[in-house]
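Novice: Each chain is listed here by its residues.
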Amino acid sequence: MNIFPVSASTFSGDIDGLFWLVTTLVGFWFILSELLLFYLIFRFRRKKGVKAQYIAGESRKEMAWIFVPLFFVILCDISIDLRTHSVWQKIKETLPQATEKVRVIGQQWTWVFVHPGPDGVLDTSDDIETVNELHVKVNTTTHYELQSRDVLHNFSVPVFRLKQDAIPGRAITGWFEATQTGEYDIQCAEMCGIGHGLMGARIFIDTQEQYETWMAQEIQKQQNYVASK
Amino acid sequence: MSKTDHQVHPSDHGHGHDHEMNFWSKYIFPLDHKMIGLQYLWTGLFMALVGGFFAYVFRMQLAFPGESVPGFGHVSPASYNALITNHGTIMIFWVAMPMLVAAFGNILIPLMIGCDDMVFPRLNRLSYQIFFISTVLLFVGFFVPGGAFGGAWTSYPPLSARAEYNLTPWGASIWLLAVALEIVAFLLGGINFITTTMNSRAPGMKMMDIPIVVWMINIAVVLFMFSVGPLVAGAVMLLFDQTIGTSFFVPSGGGDPVLWQHLFWFFGHPEVYVILLPEMGIVAEIITVFSRKKLFGYKMIVYTTFMVGILSMIVWAHHQFIAGIDPRMASIFSFTTILISIPIAVIFFAYIATLYGGSIEFKVPMLWALGMIAEFLLGGVTGIYLGASALDVYFHDNTFVVAHFHYTLIPVVFFGGFAGITYWYPKMFGKMMSETLGKLHFWGTTIFFNGIFIPLFFLGLAGQHRRIYDYRNFPDLAGMQDLRIFATMCLIGLLISQIPFIINFVRSIKNGEDAGKNPWKANTLEWITASPPPHGNFAEMPTVYRGPYEYSVPGRKEDFWPQNQPS
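Chains as they are written, first to last, in my numbering: chain A, 3 to 231; chain B, 8 to 574.
So that you can see chain A by itself, here it is in the shape it has in the complex (with noise of 0.2 Å):
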């Protein structure tokens, strides 16, 4: 069953792996207790005639009824721990080497990115800024460099599964590895105000060429704009 939107990143398939980890085990005990809680109300119903049973529940002959499944539970929660660990580890706790670089500024009501150009190196001359437009190419370990210049903002990329605060005054490092060319929103995910609902971005996941082709582009505006002043 596909209800998640595309999984564009190296990571999406191992949170959609814990959704569905997670899904399979809430899911027996959540069917479990319902079908139970519903044939006890059905079972035990008023019939004339018949009386209620004196149970205390305070013996431990009585208690095992919840202390039993009570240990599967708890066997199911490690497990989800578990596993939840190594894919937290995976996506935010490690920094993998990147060969590219984006700094993503969150502003009231905009999101600008921060290319470096064909230099390679951020905060040098031929830097390539663009508004609510990011370029990325696939099958890249890209750093993303996020920053606010005002409020918090949340950087939200929901092919990617990737989400991260953006919080004035200090710059967040993070990662991400696109596996799928296309066009994708760029949410912001954290309440900044009124603008906020308007805050929204694209993401173009480019192949060499395309990014190359898009980048000469940006080269040749950032030129003309230059020769016009």
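Derived by calculation from the structure, the hints in this document are not laboratory data. Any given hint could turn out to be false.
[What the hints assert, rightly or not] What the simulated footprint calls covered on chain B by chain A, stretch by stretch (three residues with Cβ under 8 Å from a Cβ of chain A suffice, anywhere in the stretch; the number is not a length):
#1 151–163
#2 231–239
[Claimed, not checked] Label-pair distances were calculated between CB atoms; the ranges are:
#3 A/Leu34 to B/Glu368: 23 to 31 Å
#4 B/Val151 to A/Arg47: 22 to 30 Å
#5 B/Leu56 to A/Leu34: 33 to 41 Å
Where is the CB? At the ideal position from N, CA and C, for every residue including glycine.
Dock chain B against chain A, hints included.
Specialist: For chain B alone, kept in the frame of chain A given last:
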């Protein structure tokens, strides 16, 4: 409390004397815990209508973006933000807290432990008065220059701290003051609850004879008191940031916005349990009475509830997995969060086990109680998804979260609240409510409630975030409009389903069948006095001989055995 004590201190608040009270001293400035409880209940129910109306407006905007909403008009981005912010604030602080904690705590504690009133009746009255002022203040926030605050109920700085970011200089400060005053009101009320429970129990009532709902309200209050300090401190700091230019939470002045998140959620998460526990107590009372069964594992439930309380204090950072805190903290908080499923599972297993071997009668309060268990299970299990840090990366601030917490809070606040109201209504007003209207209310609410929030799980899975007023700005999500319209229609259905309740509630006060002392044949002490109980509660102060859940005891002719009846 012995008879002599009772005669010595009532000079303080007048019961024991048959003096006539006028309208003002009886209804507006009462000292009687029951009347104060009713004041909280009415305010809570009224605010639920306000919060519900807000939900109607912003859901209409989501379903039909840009179109005028009947009864409200055009929804601007600023008013959308103000509506969602105040919907959340109202439902938590002005509905859940007054209804579940203050109203039921006030009405039930003295009656159920067998005493004449709260230990500090004047403090109790002050608590409601401060709460009332906070309510008025919250509304004032809508009519000041700049309009009402729209920075979400979590009020994260720097957005909430600086007027140049939120554009609501007055709204933000008034909102914050209203919340702070509301908290002061509940602190005063809570002091009364604990003191009364610990000191004024009827002779013979041991700790393990206290009805479970009184236990749970008290544990909830203790939890509230332990957790609220940091929030009050934070609120004062935030108010200074807004008004006199300090920078506790503003990075440009050297502050840290994440500090607020810690202070807020250190309170905010236990708060979930502050609301949950009283309601779990209410449900427990009702399922035992209507299945004529002893509560399964009463002591175990009490101890487990303490464990829930302690655990709830060490999970707050699960709201901050992606908020820029050290990622190595996440696994620890993920673990503690998922750990909380264990005591909660114990309590719910015990409730389900209580039904085993029962003689279950489906009166309206029982329907709400069973409905609460059935619906809350979904809220509980979906919490696991969000507790798991790596999944939270996807679901954080997503409508999956919205669906999850409405699946916990609506069963808790409304199913639990309606269970309590319909169950204790005969005691509050001396009349029975209509079963037919009650069932109509129950089924309408249940069906439409699920109709609203099941779609939100799927919208969330598709990547839709909360707090965004127009999805036409997001091409990947724009096409899911049918689901949003469906959810909105169900919300309108849910609101319409409340009409039978309102009619039932108002009409039955006059026209209901007389309830008598003990219409449900329950054991706890509130059912041994007149309905409604007189000021001072009991004609003769009760003595307690046994625990509260001795139903269907073998060898007895009757299937109930009131706590005050000598064997």
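Novice: With reference to the structure, classify each hint as holding or not holding.
Specialist: Hint by hint, here is what the structure shows:
1. Requiring three or more residues with a Cβ within less than 8 Å of a Cβ of chain A, the coverage given for the region 151–163 of chain B holds, as 5 such residues are present.
2. Counting residues of the region 231–239 of chain B whose C-beta sits closer than 8 Å to any C-beta of chain A gives 0, which falls short of three, so the coverage hint is violated.
3. Taking the beta carbon of each, A/Leu34 and B/Glu368 are about 26 Å apart, inside 23 to 31 Å as hinted.
4. Separation of B/Val151 from A/Arg47 is about 55 Å and departs from the stated range, judged on CB atoms against 22 to 30 Å.
5. Separated by about 38 Å at the C-beta atoms, B/Leu56 and A/Leu34 satisfy the suggested range of 33 to 41 Å.
In terms of the numbered hints stated before, the structure departs from hints 2, 4, listed from lowest to highest.
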